[in-house]
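Let's have the full structure, built from the sequences with the hints guiding it.
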Amino acid sequence: GGGRGFLWGGAGAGGPADRQRFSERGRDIGGRERGPRAVRRETDARRGALCPYTNRVRSMTYHGARDVLGRLADDPDTAVVPMQDGAETRVCEVYPAATFGWLGAYREGYKNTDGARRRRAYNLDAVEACSVVVGDQRATYLDNHDALDSLAAAVSAARVDDGATPAPAGTREEGCIYV
22 GGGRGFLWGG AGAGGPADRQ RFSERGRDIG GRERGPRAVR RETDARRGAL
72 CPYTNRVRSM TYHGARDVLG RLADDPDTAV VPMQDGAETR VCEVYPAATF
122 GWLGAYREGY KNTDGARRRR AYNLDAVEAC SVVVGDQRAT YLDNHDALDS
172 LAAAVSAARV DDGATPAPAG TREEGCIYV
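In this text, residue positions in the sequence shown follow my numbering: the first is 22, and each later residue adds one.
Calculated from the structure, these hints are not laboratory results.
Glycine is no exception: its CB is placed at the ideal position from the N, C-alpha and C atoms.
Among the clues, some could well be false.
DMTMM-like mimics (lysine to aspartate or glutamate), calculated; alpha carbons at most 25 Å apart, straight line [said to hold, decoys possible]:
#1 K132 <-> D65
#2 K132 <-> D96
#3 K132 <-> D157
The calculated label-pair distances, taken between Cβ atoms and stated as ranges, are [as the list claims (entries may be wrong)]:
#4 D39 <-> V154: 26 to 32 Å
#5 E194 <-> L71: 30 to 36 Å
#6 A179 <-> A66: 21 to 27 Å
#7 T192 <-> D167: 16 to 22 Å
#8 A188 <-> R92: 15 to 21 Å
See the structure below:
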């Protein structure tokens with residue numbers, strides 16, 4: 022546990038009131054630290070992720086921080102790593118494309134493009150090579166890239182549960198994408 026102050030960059034326990042202010046706050050903090058055009062966190066650069074405050078992903082970032090991580094960060098039995106520690110239950114940030122990259126599979130082109138199903142099949146085979154049994158859900162993963170992304174996220178989360186920790190990238194406060 023330890024509270025959710027790290028989620029909001031000093032904006033108070035409740036954080037910014039809406040996703041636009043959240044995005045502006047994140048860009049302001051990132052701009053001060055890295056310059057106005059380089060807002061991505063070190064972990065984003067390492068894993069090929071977008072800046073969490075861009076228009077494309079800011080809603081997911083905001084609602085994930087406010088509605089999911091905020092509650093978990095306040096729970097003394099849960100640690101949001103790497104910002105918190107000391108709890109048996111750990112919650113980590115994962116990025117399916119980074120997991121697929123770690124597996125030597127397709128990071129891109131497996132969603133809504135020509136040849137996507139063939140690439141999803143390749144990615145699914147890579148996940149199964151990690152001793153993951155997909156059973157009768159194989160068709161679901163082949164037909165739905167969101168389902169396949171959730172499976173990749175589970176692979177990375179299971180690695181963390183087994184003790185895997187990436188080498189630090191950036192500051193503890195800005196977080197880390199785990200694969």
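With the threshold set at 25 Å, check whether the alpha-carbon distance from K132 to D157 stays at or below it. Given that 25 Å is the threshold and the Cα spacing comes to 21 Å, the pair holds.
If I claimed the Cβ atoms of E194 and L71 lie 30 to 36 Å apart, would that claim hold in this structure? At 19 Å between Cβs, range violated.
Can you confirm whether the C-alpha distance between K132 and D65 stays at or below 25 Å? holds, 20 Å
Honestly, do T192 and D167 meet the 16 to 22 Å range at C-beta? Given about 31 Å between the Cβ atoms, the range is violated.
Proposed proximity, D96 with K132 (alpha carbon, max 25 Å): violated, 35 Å
Do A179 and A66 keep their Cβ atoms within the hinted range of 21 to 27 Å? holds, 25 Å
Range first: 26 to 32 Å. Now tell me if the beta carbons of D39 and V154 are that far apart. Violated, at about 42 Å.
Per the hint of 15 to 21 Å, is the separation of the Cβ atoms of A188 and R92 within bounds? Distance hint for A188, R92 is violated at roughly 29 Å.
The structure does not agree with the numbered hints 2, 4, 5, 7, 8 stated previously, though it agrees with the rest.
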